[in-house]
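Asker: For the sequence shown, the residue numbers in my numbering are 30 to 351.
Hints were generated in silico from the structure; no laboratory data involved.
Worth double-checking, as some hints may not be accurate.
Stated by the list, open to error - DSS-like, lysine-lysine: derived pairs with alpha carbons at most 27 Å apart:
1. Lys275 - Lys259
2. Lys112 - Lys145
3. Lys145 - Lys317
4. Lys133 - Lys73
5. Lys146 - Lys220
6. Lys220 - Lys193
7. Lys62 - Lys218
8. Lys133 - Lys100
9. Lys220 - Lys259
10. Lys145 - Lys100
11. Lys146 - Lys112
12. Lys91 - Lys73
13. Lys133 - Lys63
14. Lys218 - Lys63
15. Lys62 - Lys220
16. Lys148 - Lys220
17. Lys133 - Lys146
18. Lys62 - Lys133
19. Lys233 - Lys259
20. Lys148 - Lys100
21. Lys112 - Lys100
22. Lys146 - Lys317
23. Lys100 - Lys73
24. Lys145 - Lys133
25. Lys62 - Lys73
26. Lys112 - Lys73
27. Lys145 - Lys63
28. Lys317 - Lys193
29. Lys146 - Lys73
30. Lys63 - Lys73
31. Lys259 - Lys73
32. Lys220 - Lys63
33. Lys73 - Lys193
34. Lys220 - Lys145
35. Lys193 - Lys218
36. Lys218 - Lys317
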Amino acid sequence: MKEVFVMAGRLTKVKKAAPASYELALEQFLIWKKAQGISEQTMKDYREHVNRFFRRYPEASKPWDAEALEKSAYDYLGEDGIKPATYNNRLVYLSTFFNWCADKEMIDDNPLLNFKKRKAEGRIVNLDENVIRELLMSPDTSTYTGLRDQALMLFFLDTGIRPKEAFALLESDFNIRALEVEVRQETAKTKASRTLHYSPETAKVISELLSVRPEEWGESVPIFCTYEGKALNRHTWGDRIEFYCKKLGTHIVPYDLRHSFAILFLRQGGNALALQRMLGHVTLEMTKRYVALTNNDLKNQHTMASPIKRLLPSKKRMVKLK
Numbered sequence: 030m031k032e033v034f035v036m037a038g039r040l041t042k043v044k045k046a047a048p049a050s051y052e053l054a055l056e057q058f059l060i061w062k063k064a065q066g067i068s069e070q071t072m073k074d075y076r077e078h079v080n081r082f083f084r085r086y087p088e089a090s091k092p093w094d095a096e097a098l099e100k101s102a103y104d105y106l107g108e109d110g111i112k113p114a115t116y117n118n119r120l121v122y123l124s125t126f127f128n129w130c131a132d133k134e135m136i137d138d139n140p141l142l143n144f145k146k147r148k149a150e151g152r153i154v155n156l157d158e159n160v161i162r163e164l165l166m167s168p169d170t171s172t173y174t175g176l177r178d179q180a181l182m183l184f185f186l187d188t189g190i191r192p193k194e195a196f197a198l199l200e201s202d203f204n205i206r207a208l209e210v211e212v213r214q215e216t217a218k219t220k221a222s223r224t225l226h227y228s229p230e231t232a233k234v235i236s237e238l239l240s241v242r243p244e245e246w247g248e249s250v251p252i253f254c255t256y257e258g259k260a261l262n263r264h265t266w267g268d269r270i271e272f273y274c275k276k277l278g279t280h281i282v283p284y285d286l287r288h289s290f291a292i293l294f295l296r297q298g299g300n301a302l303a304l305q306r307m308l309g310h311v312t313l314e315m316t317k318r319y320v321a322l323t324n325n326d327l328k329n330q331h332t333m334a335s336p337i338k339r340l341l342p343s344k345k346r347m348v349k350l351k
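Taking the hints into account, I'd like the entire structure generated from these sequences.
Answerer: Encoded structure:
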């Protein structure tokens, strides 16, 4: 239904009636986004972010009060102590939703229209290799949960896969004999499928994990799941990592394993372009965030590749002044 305003015998404004609730608007928005071809995971992320906002600020949706919506959005982004990445996530998901609502004339304007992303300083993750070894040896592999945890740690460190992508992997995605796994288009963050390779050592542990799976779980249950056959998520996996880190007296978050894969891959002589493809990055620029090397790495690279070694042969170098 539309509201029609007439002045001096002519049509001046046509405004669409807003949905009865933000939930209905969100469902219409997600149908539109799905038609654009976004992944199921991105759909879930939109739903999660928009719902979280309106749960915190229910007054913003009664009934699409422009003033309350604006105040709530500003308060949400202006929360003290949030990291740039958190701020940017909130901004992107909410602003996209509000833009669509404004285009459909469900609200007058997007209250976040002129907001810009914050620049986040790259977080350099340089885990000590001994700490990584201790982490790998921490799970009790005589239990299903411990075996799964070790297999997942090895898999992250061997492939650099994103946590959400790993949690969606099915048995049919693995080719154990070829040491390959396919990240399907519908589960890949970039909506582009890619094939990842892993080591025989990782394959051995994954095979052990497969051998203890109950047959009734079937092929629809992800490889890396709970002992009840339910899919893992970043929260449950984060709790598992924290459980082991407390015993080790250290702090590691799940994404640190992806960072560590990238850095160790380069230290072992891996190619940056190959790393880009494995990480599933669209551009090499994005990959640089994961390859921030330590000062010692840079020193070693300089010692090995300095042009002075080529320009000044050793026999002509001046060692001592008379």
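Asker: Determine for every hint whether it applies to the structure shown.
Answerer: Evaluated hints:
A distance of roughly 25 Å separates the Cα atoms of Lys275 and Lys259; the hinted pair therefore holds under the 27 Å criterion. Under the criterion of a C-alpha separation no larger than 27 Å, the hint pairing Lys112 with Lys145 is consistent with the structure, at around 14 Å. The straight-line distance between the Cα atoms of Lys145 and Lys317 is roughly 22 Å, inside the 27 Å bound, and the hint therefore holds. Restraint check for Lys133 and Lys73: satisfied, since their Cα atoms lie roughly 22 Å apart, inside the 27 Å limit.
A C-alpha spacing of about 23 Å is found between Lys146 and Lys220, which places the hinted pair at or below 27 Å, so the restraint holds. A distance of roughly 13 Å separates the Cα atoms of Lys220 and Lys193; the hinted pair therefore holds under the 27 Å criterion. For the given pair, Lys62 sits about 15 Å from Lys218 by alpha-carbon distance, which is consistent with the 27 Å threshold. Between Lys133 and Lys100 the CA atoms are separated by roughly 21 Å; this keeps the pair inside 27 Å, and the hint holds.
Proposed proximity of Lys220 and Lys259 is supported: the alpha carbons are some 24 Å apart, at most 27 Å. With a CA separation close to 17 Å, the supplied pair Lys145 and Lys100 stays within the 27 Å bound. At most 27 Å may separate the alpha-carbon atoms for a hinted pair to count; Lys146 and Lys112 meet this at roughly 12 Å. With a C-alpha separation of about 24 Å, the suggested pair Lys91 and Lys73 falls inside the 27 Å cut-off, and the hint holds.
Using a Cα cut-off of 27 Å, the hinted pair Lys133 and Lys63 holds, with the two alpha carbons roughly 17 Å apart. Distance check on the hinted pair: Lys218 and Lys63 sit about 14 Å apart at the alpha-carbon level, within 27 Å; holds. Between Lys62 and Lys220 the CA atoms are separated by roughly 14 Å; this keeps the pair inside 27 Å, and the hint holds. A hinted pair counts as satisfied when its Cα atoms are at most 27 Å apart, and Lys148 with Lys220 qualifies at roughly 25 Å.
Simply put, Lys133 and Lys146 have alpha-carbon atoms about 25 Å apart, close enough for the 27 Å limit, and the pair holds. A C-alpha spacing of about 14 Å is found between Lys62 and Lys133, which places the hinted pair at or below 27 Å, so the restraint holds. The straight-line distance between the Cα atoms of Lys233 and Lys259 is roughly 23 Å, inside the 27 Å bound, and the hint therefore holds. Between Lys148 and Lys100, the direct Cα distance comes to roughly 24 Å. Compliance with the 27 Å bound is thereby established for this hinted pair.
A hinted pair counts as satisfied when its Cα atoms are at most 27 Å apart, and Lys112 with Lys100 qualifies at roughly 21 Å. Restraint check for Lys146 and Lys317: satisfied, since their Cα atoms lie roughly 19 Å apart, inside the 27 Å limit. Simply put, Lys100 and Lys73 have alpha-carbon atoms about 26 Å apart, close enough for the 27 Å limit, and the pair holds. Pair hint Lys145 plus Lys133 holds up; C-alpha atoms about 23 Å apart against a cutoff of 27 Å.
For the hint pairing Lys62 with Lys73, the CA-to-CA distance comes to about 11 Å; that is within 27 Å, so the pair holds. Note on Lys112 and Lys73: the hinted pairing holds, with a Cα-Cα distance of about 22 Å set against a maximum of 27 Å. In summary, the hint linking Lys145 to Lys63 is supported, as the alpha carbons are separated by about 26 Å, within the 27 Å threshold. As the CA atoms of Lys317 and Lys193 are separated by approximately 21 Å, the hinted pair is consistent with the 27 Å bound.
A threshold of 27 Å between alpha carbons decides the hint, and for Lys146 with Lys73 the separation of about 22 Å falls inside it, so the pair holds. Simply put, Lys63 and Lys73 have alpha-carbon atoms about 11 Å apart, close enough for the 27 Å limit, and the pair holds. Pair hint Lys259 plus Lys73 holds up; C-alpha atoms about 17 Å apart against a cutoff of 27 Å. Proximity of Lys220 to Lys63 is assessed by CA-CA distance (about 12 Å); at most 27 Å being required, the pair is judged to hold.
About 12 Å separates the Cα atoms of Lys73 and Lys193, which keeps this hinted pair within 27 Å; it holds. Proximity of Lys220 to Lys145 is assessed by CA-CA distance (about 25 Å); at most 27 Å being required, the pair is judged to hold. Distance restraint check for Lys193 and Lys218: the Cα-Cα separation of roughly 8 Å lies within the 27 Å cut-off, and the hinted pair is therefore satisfied. Taking the CA atoms of Lys218 and Lys317, the gap is about 18 Å. The hint holds against a cut of 27 Å.
The structure agrees with every numbered hint stated previously.
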